[in-house]
Amino acid sequence: MAERKLLSGPLARVEGEGSLHVRLRDGRVEEVRLEIFEPPRFFEAFLRGRAFTEVPDITARICGICPVAYQMSSIAAMEEACGVTVPEPVRALRRLLYCGEWIESHALHVFFLHGPDYLGYDSAFAMARDHRGIVERALQLKKAGNALMRVVGGREIHPVNVRVGGFYRAPTRGELASVVEELEVAREFARESVAWTAGLPCPDLEEDFEFVALRAPGTYAIENGRLASSSGLDLAPGEYAEHFAEHQVPHSTALHSRLRGGGQAYLTGPLARYALSGDRLSPTAREAADDAGLGSVVRNPFKSIVVRAVEILYAVDEALRLVDAYEPPDPPAVPVVPRAGTGHGWSEAPRGMLWHRYAIDEQGTILDARIVPPTSQNQARIEQSLATVVAAHAALPDDELQHRCEQAVRSFDPCISCATHFLRLEIERC
Amino acid sequence: MSAHRSLAVWKFASCDGCQLSLLDCEDELLPLAGELEIAHFPEAGPTRVEGSYDLSIVEGSITTAEDARRIREIRAASGRLITIGACAAAGGIQALRNFAEVEDFMAIVYASPEYVSTLATSTPASAHVAVDFELQGCPPDKRQLLEVINAFLHERRPAISDHSVCVECKRAGNVCVMVAHGTPCLGPVTPAGCGGLCPSYHRGCFCCFGPMEAPNPVALGHHLGLEEVDVVRLFRTFYAGAPAFGESHG
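Protein sequences, first through last, are from chains A and B.
Heads up: the first sequence at position 204 corresponds to 204 in the working numbering, and the numbers run straight through without jumps.
With positions in the second sequence counted from 1, the corresponding number in the working numbering is that position plus 1000.
If you're looking for bench data, these hints aren't it; they were derived computationally from the structure.
As the structure is a computational prediction, the values presented were derived from the model and not from experiment.
Keep in mind that a hint or two might mislead.
A few chain A residues that don't get close to chain B, going by computed Cβ distances all over 12 angstroms [to be verified]:
| id | residue |
| --- | --- |
| 1 | 89 |
| 2 | 95 |
| 3 | 195 |
| 4 | 205 |
| 5 | 232 |
| 6 | 297 |
| 7 | 325 |
| 8 | 391 |
| 9 | 399 |
Which bits of chain B does chain A cover? Going by a derived footprint, with three or more residues having C-beta under 8 angstroms, they are [said to hold, decoys possible]:
| id | segment |
| --- | --- |
| 10 | 1027-1037 |
| 11 | 1092-1103 |
| 12 | 1194-1204 |
| 13 | 1233-1244 |
The beta carbon of each residue, even a glycine, is placed where N, CA and C say it ideally should be.
Required output: the full structure, derived from the provided sequences and hints.
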């Protein structure tokens, strides 16, 4: 085959700026690179010298789509550093806020970023011309998640009510009751969404993933847990760095994470959580997953859209349970006195596990910060999956191959702003 | 479709939260998409880089030589250009590099700095091109965002108030957190838009809507009852790069 090099416009419907580079020689995949151009913003550098109390507000600005994840992981790390454990009502209110973020972020991804791929539209706006009812109801679902974030956090993007030790003010039972009706309507649509996503035409692909996710006793881990993996890891947040390492690669401003000892790429996010904690879903979410034929493990990344829909249903269900059981934490925050030391924290962002580590001095001034976002962890594994997708579809004409690759990248919900947009696709055939 | 005015949304160094504010207008989004040609909005799908746009909305700050070139191209292709958010108006939190050596920052984050290209400063769009309107906020308020889009589509001035957060607190019936509880609050130097949000959650305003017109941050700094280091931290966040805050923290 004569040498061919293709360049598309910016790859859309991802969060952040990156591009995909694929090189084929005689129909064989030679190289796949997910290139990330997102300009670096140096959070880990300017956090040095800041106060330990500032991390929830500052790290939220890493990502407007999952600010709560940054707030929760950073707070957990600071509380560990200061030797503080928050009371149960504070933990429950944090989980409720996080449910709002899962609903909002997943609804955006399922219906706006990824769903249009399956039906051949380039956007939800185009999809709305033929499927207006779906898009309208998806927006109402997203709105319900945002309403929950607003009532608990003050606003949906960069919530203001979160602090190290708890909250500035506990919402009243009446304030939380104001979102119940919206959440109940959302639950019905979330249930239908699982069936809708399961009915989308889906490419065949089975992959062997090393899954990594938090796991918590008796519940689907969101705001905390121990790290579990397909190969049996069981770790506390302080043990993460012993088992995982970040590497810099020339084509990306995001660092790549791999397992130490062998350097295996791994996957975090909905497929991992579902595989490791699927038995801990609510009965409603479990039933919807079973009706959709998901089984106990999903190995087809294109099916992640169904798992996300199951997780939306779970988050709505869990939010309603938490609202029903709500006792306002009194006081809303426990005092946190700084001490010199190191703290680690993690939580399950909508797109995967997010780990933070801080060293602080006795005044609580930050000496060192390390943040490992889910997309950094997934990047190496995404490249591996893309190589499989390209190999399986190498006979397709360039435009169809490109579409399939884009759909595959989006299935991992990469948040490139987090990991460090302008995703361009380049296919070279030599 | 061609009779419709065209809208483009552009991203520079940012968290994507400002453009998400537009997608968060759940009740208005589809009617808006019916009124406008959404020509370029990569995060939502449409991508048309070529051609011209009636209205460009810019998110994020300029931190690379390529982005400094790109913002000039966008300006040239746009009838009106408005910025949304703290990054595009003042450089954002990443403008903290402007007070340090970027090489030091690079060495902290990256093992091989030579693979990464960046400028020494994070600057607002207005440092590079003429900007028709800057909507403040980290993130901006979505009611204000809709008002600004609506105003530009109808070729009128946006009705964005220029009074301080204090006025919104009075309207909301909030007890003043600084007077009643001694909580440091930047409300007196911050423009309205959030509805007095932080005080309604019993915390002081931390100025995520930037400096209002003609603020007096030095005088406020003296009244906060904080150590110098904490005053500097308070002003050096999302609007650290705003000239009005320059003298308040030396």
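Against the structure, the hints:
1. 89: holds, 17 angstroms
2. 95: holds, 19 angstroms
3. 195: holds, 22 angstroms
4. 205: holds, 24 angstroms
5. 232: Its Cβ never comes within 12 angstroms of chain B, the nearest being 30 angstroms, so this holds.
6. 297: It holds; residue 297 of chain A is separated from chain B by about 31 angstroms at its closest Cβ, greater than 12 angstroms.
7. 325: Since the minimum Cβ distance to chain B is about 22 angstroms, residue 325 of chain A lies beyond 12 angstroms and the statement holds.
8. 391: About 27 angstroms separates residue 391 of chain A from the closest Cβ of chain B, which puts it past 12 angstroms; holds.
9. 399: Holds, because the least Cβ-Cβ distance between residue 399 of chain A and chain B comes to about 15 angstroms, which exceeds 12 angstroms.
10. 1027-1037: It holds: at least three residues are needed, and the segment 1027-1037 of chain B offers 4 whose Cβ sits within less than 8 angstroms of chain A.
11. 1092-1103: That given contact holds, which follows from 7 residues of the segment 1092-1103 of chain B lying within Cβ reach (below 8 angstroms) of chain A.
12. 1194-1204: holds (count 7)
13. 1233-1244: holds (count 3)
Hint violations for this structure: none, all hints satisfied.
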